[in-house]
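Chain B: place on chain A using the hints.
As you go down the protein sequences, you meet chains A and B in turn.
Just so you know, we're using full-length UniProt numbering here: the first sequence kicks off at 1 and counts up by one.
Just so you know, we're using full-length UniProt numbering here: the second sequence kicks off at 1 and counts up by one.
No lab work stands behind these hints, which were simulated from the structure alone.
One or more hints might be untrue.
Said to hold, decoys possible - Computed spacing ranges between beta-carbons, pair by pair:
| id | chain 1 | residue 1 | chain 2 | residue 2 | range |
| --- | --- | --- | --- | --- | --- |
| 1 | B | 243 | A | 297 | 53 to 61 Å |
| 2 | B | 269 | A | 79 | 53 to 61 Å |
| 3 | B | 34 | A | 248 | 48 to 56 Å |
| 4 | B | 34 | A | 73 | 46 to 54 Å |
C-beta atoms are modelled at their ideal positions from N, C-alpha and C, and glycine is treated no differently.
Protein chains: 2
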Amino acid sequence: MEGVSFPPLSRFAVCCGTHGNEMTGVYMYRHLQKQKVENITVTTILSNPRAVDACKRYIDIDLNRCFTNALLCTAITDSSPYELRRAQEIDAEVGPKGSDEAVDLLCDLHNTTSNMGLCVMYNSSDCVAMHIFKHLKSKITSVPVRAICSDEPISEGYALDSVGKHGLSLEVGPQPNGVVRADNFNVITEAFNHIIEWLQQFNSGATFEGGVEDVYKMTEKVDYPRDLNTNEITAAVHPQLQDNDFKLLRTGDPIFLSFDGETLRHKGRELYPFFVNECAYYEKKVAFILGEKVTVAFPSISVTKN
Amino acid sequence: MEGVSFPPLSRFAVCCGTHGNEMTGVYMYRHLQKQKVENITVTTILSNPRAVDACKRYIDIDLNRCFTNALLCTAITDSSPYELRRAQEIDAEVGPKGSDEAVDLLCDLHNTTSNMGLCVMYNSSDCVAMHIFKHLKSKITSVPVRAICSDEPISEGYALDSVGKHGLSLEVGPQPNGVVRADNFNVITEAFNHIIEWLQQFNSGATFEGGVEDVYKMTEKVDYPRDLNTNEITAAVHPQLQDNDFKLLRTGDPIFLSFDGETLRHKGRELYPFFVNECAYYEKKVAFILGEKVTVAFPSISVTKN
Numbered sequence: 001m002e003g004v005s006f007p008p009l010s011r012f013a014v015c016c017g018t019h020g021n022e023m024t025g026v027y028m029y030r031h032l033q034k035q036k037v038e039n040i041t042v043t044t045i046l047s048n049p050r051a052v053d054a055c056k057r058y059i060d061i062d063l064n065r066c067f068t069n070a071l072l073c074t075a076i077t078d079s080s081p082y083e084l085r086r087a088q089e090i091d092a093e094v095g096p097k098g099s100d101e102a103v104d105l106l107c108d109l110h111n112t113t114s115n116m117g118l119c120v121m122y123n124s125s126d127c128v129a130m131h132i133f134k135h136l137k138s139k140i141t142s143v144p145v146r147a148i149c150s151d152e153p154i155s156e157g158y159a160l161d162s163v164g165k166h167g168l169s170l171e172v173g174p175q176p177n178g179v180v181r182a183d184n185f186n187v188i189t190e191a192f193n194h195i196i197e198w199l200q201q202f203n204s205g206a207t208f209e210g211g212v213e214d215v216y217k218m219t220e221k222v223d224y225p226r227d228l229n230t231n232e233i234t235a236a237v238h239p240q241l242q243d244n245d246f247k248l249l250r251t252g253d254p255i256f257l258s259f260d261g262e263t264l265r266h267k268g269r270e271l272y273p274f275f276v277n278e279c280a281y282y283e284k285k286v287a288f289i290l291g292e293k294v295t296v297a298f299p300s301i302s303v304t305k306n
Numbered sequence: 001m002e003g004v005s006f007p008p009l010s011r012f013a014v015c016c017g018t019h020g021n022e023m024t025g026v027y028m029y030r031h032l033q034k035q036k037v038e039n040i041t042v043t044t045i046l047s048n049p050r051a052v053d054a055c056k057r058y059i060d061i062d063l064n065r066c067f068t069n070a071l072l073c074t075a076i077t078d079s080s081p082y083e084l085r086r087a088q089e090i091d092a093e094v095g096p097k098g099s100d101e102a103v104d105l106l107c108d109l110h111n112t113t114s115n116m117g118l119c120v121m122y123n124s125s126d127c128v129a130m131h132i133f134k135h136l137k138s139k140i141t142s143v144p145v146r147a148i149c150s151d152e153p154i155s156e157g158y159a160l161d162s163v164g165k166h167g168l169s170l171e172v173g174p175q176p177n178g179v180v181r182a183d184n185f186n187v188i189t190e191a192f193n194h195i196i197e198w199l200q201q202f203n204s205g206a207t208f209e210g211g212v213e214d215v216y217k218m219t220e221k222v223d224y225p226r227d228l229n230t231n232e233i234t235a236a237v238h239p240q241l242q243d244n245d246f247k248l249l250r251t252g253d254p255i256f257l258s259f260d261g262e263t264l265r266h267k268g269r270e271l272y273p274f275f276v277n278e279c280a281y282y283e284k285k286v287a288f289i290l291g292e293k294v295t296v297a298f299p300s301i302s303v304t305k306n
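So that you can see chain A by itself, here it is in the shape it has in the complex (with noise of 0.2 Å):
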């Protein structure tokens, strides 16, 4: 596979708080105040404030489903939702999406209350989040550090990462909605100087080498056990599989422990679960994710020489 070059990486926008009660990146954005970085521009937003101020995820719509193409361009009146206002905000100030005067990186910080350890998801088109993703599985040990990657077009992503030229978000738990843990604090704050030494490296024309990394990529997306009549949740996650996230999930596995004590079980494909239990989730009718595991080559990258 042939190396890429790419122009510096300059301009390193992290986003806190596009969810307002995940509680690590509500933090991170004020610990990032006082923090001096060296030869990188870092520019850090609260993304949902009125959130934050709520603790609550969003005030009208999810935030992060805001960065599609189509919903940047839409005309914002009186009775637009408040998120959709603070995507074209978000975007003036770290985009526009798609174009030359957008960030080089984009991080967004998120939390789950699944027991994912520390996952970076990113596109799998972006060879510079794949590298990234390479540096901190190599350096960080306190936490099993993971990657999940889409599929989907650039232009067609509706997350806030999408707006830089490259993006990622992180994904620390577990961790309950509203609550900050120490260890998921540090665990980011090692992440976000991993992240400024690797774009300090490839900015001063070290070459990093291409490889392959094994991946997952979401298949389906499993619902909870539901009454006929009132659509209401019949089953817990069944206790094997709770906390059991990206442990090989096996035909015939328990899935779901129903409130009667009935175990339901995993009927398709050997597949790898994820997102189990997320707390956001369940208004998303998802109890959890299923993917692959894929191995991906990328190539080698380096800064573009003049």
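Then chain B, alone, in the frame of chain A:
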């Protein structure tokens, strides 16, 4: 210690969803609608239905602080908080508090984000609650079972469990708000069944022997370190204290880790921490509670013979 006798305990109220985002109770409420119990009249209450619908702790004020005699006598107007209205409705249904008409036993179901296993919370003077704690502790083995006792006169109690002739709250965790975990649901189902079994045995004439048990009593509340200007939290609970509820805290043990990396240590005498990093206590300015472990003696009890 002389034995004590009580009239039969045949009217049992189970209150669920007193905090609308503590999901074990919310799902127990639905589950209990389908249960049949012999010789005990079980009343199930969904305490705060509007907060349950909104998946919030409360709408206007914390319902579980509304059951003082003073608040239960306050005239309701159009501008009264929703929870004050609900408190009076619940008091009418399973009280009135302090009257002969009140249910014989009231059990209020709660979750905590802290690693507290199953905690039975009740008033020290209530020897029926003490015996139920002893029974649950002897029967439930999947999680630690502990008691937190209050010495406050029942007449001054503000919690929902003060409405019954006898009362207790069950706290189970850790569990994020808005999430139901099968392990915690099973603990509460088991506790419900053991309480019913105990009530049936008591009413059938069994004598429950007195004895001594260790329980915890709150001595102080500890707030997070805060910025003097902004009043914002400047530290998280230290990783060595996080998840270590009920592990003796000694002078000099780490209690907080500041976002700048500084460790703060416990300066007082040896005490037991609980409700460590409980989500709902951020707004109450409580990072954790400290208490003593004390051994309490309690009498034999049996049903009054006619």
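For each hint, the structure was consulted:
| no. | hint | verdict |
| --- | --- | --- |
| 1 | B:243 / A:297: 53 to 61 Å | 40 Å, violated |
| 2 | B:269 / A:79: 53 to 61 Å | 59 Å, holds |
| 3 | B:34 / A:248: 48 to 56 Å | 35 Å, violated |
| 4 | B:34 / A:73: 46 to 54 Å | 51 Å, holds |
Hint violations for this structure: numbers 1, 3, all remaining hints satisfied.
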